[in-house]
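S.K.: Single-letter residue listing:
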Amino acid sequence: MSNRQTSSGEAAQNLNRTKGTKPLRASQGKIAALFLLPYLAVFFVFRLGPSIAGIAISFCKWDLAGSLSFIGIDNFKRMLTDSNFHTSIINTLIFFVLTLPPLIILSLLLANFFNKKMRGRNVGRVVAIIPYVLIPAVVGIIWNWMYDNNFGILNFYIKKMGGSAIHWLTDEHVALISVAIVIIWSFLGYNTILFLAGLQGIPKELYEASLIDGATRFQTFMKITLPLLKPTTSMVVTLTMVNTVQLFDQIYVMTNGGPGTSTLTMVQYLYTSAFQNYEMGYGSAIEVAVLIILVIMIFIQNKLLKVDEGV
Amino acid sequence: MKKIIAVLASVAMLSSVFSGCSGGNQQTSTSSGAASGGTSAPVSINYYGGWTGGDLDKMSALVKKFNEGQSEVQVTFTSLQWSQMFTKFLADYQAGSTPDVVAMHSFELGQFVDMGVLSSDAIKSLNLSSSDYIKTAWDGTILNDVQYGVPLDVNMHALYYNKDLFKAAGIASAPTNKEELIAAAQKLTIDANGKNATESGFDAANIKQYGFGFLQNHHAFYQAFALMNQQGYNPFTDDMTTLSLDSEKTSAAFQFLEDLVYKYKVTPAGEKSPIDDFKAGSVAMVIDGNWQLSGVDSAAKFDWDTAAYPQIFSEKAVWGASELLAIPNNKDADKVKAAQTFIKWLSDNSAEWALSGQIPANVKAQQAATKIKGIEAYNSELDYVKFLPAHKKSVKVFSSAAPSPILTAAQNAMLNDKDPAEITKQLESDINKVLAG
Numbered sequence: 001m002s003n004r005q006t007s008s009g010e011a012a013q014n015l016n017r018t019k020g021t022k023p024l025r026a027s028q029g030k031i032a033a034l035f036l037l038p039y040l041a042v043f044f045v046f047r048l049g050p051s052i053a054g055i056a057i058s059f060c061k062w063d064l065a066g067s068l069s070f071i072g073i074d075n076f077k078r079m080l081t082d083s084n085f086h087t088s089i090i091n092t093l094i095f096f097v098l099t100l101p102p103l104i105i106l107s108l109l110l111a112n113f114f115n116k117k118m119r120g121r122n123v124g125r126v127v128a129i130i131p132y133v134l135i136p137a138v139v140g141i142i143w144n145w146m147y148d149n150n151f152g153i154l155n156f157y158i159k160k161m162g163g164s165a166i167h168w169l170t171d172e173h174v175a176l177i178s179v180a181i182v183i184i185w186s187f188l189g190y191n192t193i194l195f196l197a198g199l200q201g202i203p204k205e206l207y208e209a210s211l212i213d214g215a216t217r218f219q220t221f222m223k224i225t226l227p228l229l230k231p232t233t234s235m236v237v238t239l240t241m242v243n244t245v246q247l248f249d250q251i252y253v254m255t256n257g258g259p260g261t262s263t264l265t266m267v268q269y270l271y272t273s274a275f276q277n278y279e280m281g282y283g284s285a286i287e288v289a290v291l292i293i294l295v296i297m298i299f300i301q302n303k304l305l306k307v308d309e310g311v
Numbered sequence: 001m002k003k004i005i006a007v008l009a010s011v012a013m014l015s016s017v018f019s020g021c022s023g024g025n026q027q028t029s030t031s032s033g034a035a036s037g038g039t040s041a042p043v044s045i046n047y048y049g050g051w052t053g054g055d056l057d058k059m060s061a062l063v064k065k066f067n068e069g070q071s072e073v074q075v076t077f078t079s080l081q082w083s084q085m086f087t088k089f090l091a092d093y094q095a096g097s098t099p100d101v102v103a104m105h106s107f108e109l110g111q112f113v114d115m116g117v118l119s120s121d122a123i124k125s126l127n128l129s130s131s132d133y134i135k136t137a138w139d140g141t142i143l144n145d146v147q148y149g150v151p152l153d154v155n156m157h158a159l160y161y162n163k164d165l166f167k168a169a170g171i172a173s174a175p176t177n178k179e180e181l182i183a184a185a186q187k188l189t190i191d192a193n194g195k196n197a198t199e200s201g202f203d204a205a206n207i208k209q210y211g212f213g214f215l216q217n218h219h220a221f222y223q224a225f226a227l228m229n230q231q232g233y234n235p236f237t238d239d240m241t242t243l244s245l246d247s248e249k250t251s252a253a254f255q256f257l258e259d260l261v262y263k264y265k266v267t268p269a270g271e272k273s274p275i276d277d278f279k280a281g282s283v284a285m286v287i288d289g290n291w292q293l294s295g296v297d298s299a300a301k302f303d304w305d306t307a308a309y310p311q312i313f314s315e316k317a318v319w320g321a322s323e324l325l326a327i328p329n330n331k332d333a334d335k336v337k338a339a340q341t342f343i344k345w346l347s348d349n350s351a352e353w354a355l356s357g358q359i360p361a362n363v364k365a366q367q368a369a370t371k372i373k374g375i376e377a378y379n380s381e382l383d384y385v386k387f388l389p390a391h392k393k394s395v396k397v398f399s400s401a402a403p404s405p406i407l408t409a410a411q412n413a414m415l416n417d418k419d420p421a422e423i424t425k426q427l428e429s430d431i432n433k434v435l436a437g
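Sequence lines, in order, name chains A and B. According to our numbering, the first sequence is numbered sequentially starting from 1. According to our numbering, the second sequence is numbered sequentially starting from 1.
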């Protein structure tokens, strides 16, 4: 027994050595907690506490000025018959479907490209991340001008090439796609950097071994790169999911949910209900719905990718 | 418990959208430290407005002038985009630190009166006289025979036109009616080959310069509202509980706007910023508000002027709104008195406010105001300007954000070229849903 304990202890120590970490002593734990305290305080006051309050308010009627009145599940019942809410869910899901595959596939390809040794690689990496660091409202304003039906640069070149002007943000069949293009442009660099970090964590020896074994580049990518990138992919998919479902700024600036309700997403509708119509209870109920949908989506994603913590 | 939840929720909602909730004095405080401590200490009050850009600079200058001109009251001015400012106002009110003066538009008054956050007594005790104010603006502060605010200014639509382009097209004066407007707009709509919309071979798919432009969002509905009024028809009232639209008159209003884009092809479909297109010289005429005057004056590199909103139907009418100053409920009598002092001063001195393109609601201030370029056309519309009602649900019905009934109607007309009768039917249905909710 003691041998086994000793053996497993050694194994754990070996593992820790392998990972380059040591177990924290009690005093170190306290210091760590102290460092975490400011963040935790902010988290509880500005995130967790209000989120819990938001769930409570979803069962109330409240116009922000008066007092709250408990109305049970009326706000949730209203969701069942509110066609605008249904539209916002459909738009959110379409938006998610439009943005997720390109944001994963293109960023993975870009990361592979930037992972190669070549001249100007660092400059390329910086350029790739620039759209992400721009303020979202600024991104919206810039693309608003580029998308202008009559005098925008995109339609200028389309007309130059003999095509007809596309009503990027004012055609209800095109607007959501136009916004999706902007989001892909914005987030591509960020996902690329995450994948790049994942790629650089894959031991070079594995590639050398596969080369010796005569594997093609495609086989190497499919059998080594992709499986070992699984934890990174899972994280990127989760972050992309959360970012796209919670997207607000760019839509607010570019279309404000229109034309009609063609770009009305759940968060946009939450904002309109809570902050323009002052229906805080209903807005909070939508917030709860967003949370539930995100949890379901992340659960499905984890099941599909079968993320193993040991990987 | 409810109070705690309310405060936490306010923090949650506001922190997720914008930062900067103000703290401040408690509304429940019945004594003012500043005033009760002695006559020399000024009473500090907070004033919230929704102006951005040039308007904000002018209002800030006025507040500064007030603060420097006396020592009894010191005003702290905060300005955010309108809807964000109202959210902040209500959150602060709920948290017990209400602002002392709040600016708003006449049609927004109904909801705040319904919420019970405004003090009519504070306005009544100012003993204002209706004869000192433009009638429409004065009427815009009254709801159910009770006055809730002091009129500050009036905003309206009118026609901006590029005189250089008019001259080049051989047009002598700004259009005043439907026929003149369409004729002028067609002459001023020019394709890449230099042909205008009246000439054979005109290429509508390759237009370089448009004759007529206007905002195709909620402002398109404002135009439809004006055109309904031009037919002697205004179905929107302060106390409407259901709405039944006259299909013929409402459809005619939307039809005219649609025709400009899809029949006459003189207006660009889906135009995002007509005033910028006008400033750039790519659109010869635009419909926009007096708040654009100073911006156009500083940016336009051509000769321009304004004209009254064209009369398309049998009567003159134009959409407008007034801005007013209200005093929220406050148990601190010193602060209410200070707020009254400031509001009265601002109203009496609003001639300087006119420099931002606004038309002061105070008659004396309006007369004393420097006549900035283009303001005369707006002044000429004061007798027939029409306001949207101060209904308690006006903010939902007439909201500029999706999914508002008027935005859907405007975009169905301007972007989708839908049958005006169908638009009318949907508008009626959408508004009735809001009214019933």
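Keep in mind that the hints were calculated from the coordinates and are not lab data. Don't take each hint at face value.
[As the list claims (entries may be wrong)] The following label-pair restraints were derived from C-beta to C-beta distances: (1) B/167 <-> A/239: 52 to 62 Å; (2) B/421 <-> A/141: 50 to 60 Å; (3) B/167 <-> A/141: 26 to 36 Å; (4) B/72 <-> A/141: 36 to 46 Å.
Built from N, CA and C at the ideal position, the CB exists for glycine as well.
S.K.: Now tell me, hint by hint, if it's right for this structure.
M.R.: For each hint, the structure was consulted:
1. Roughly 58 Å separates the CB atoms of residue 167 of chain B and residue 239 of chain A, a value that falls within the hinted 52 to 62 Å.
2. Judged by the Cβ atoms, the range 50 to 60 Å given for residue 421 of chain B and residue 141 of chain A is violated: they are separated by roughly 37 Å.
3. Checked against the hint of 26 to 36 Å, the C-beta distance between residue 167 of chain B and residue 141 of chain A comes to roughly 34 Å, which is consistent with it.
4. Separation of residue 72 of chain B from residue 141 of chain A is about 43 Å and conforms to the stated range, judged on CB atoms against 36 to 46 Å.
Checked against the numbered hints given earlier, this structure breaks only hint 2.
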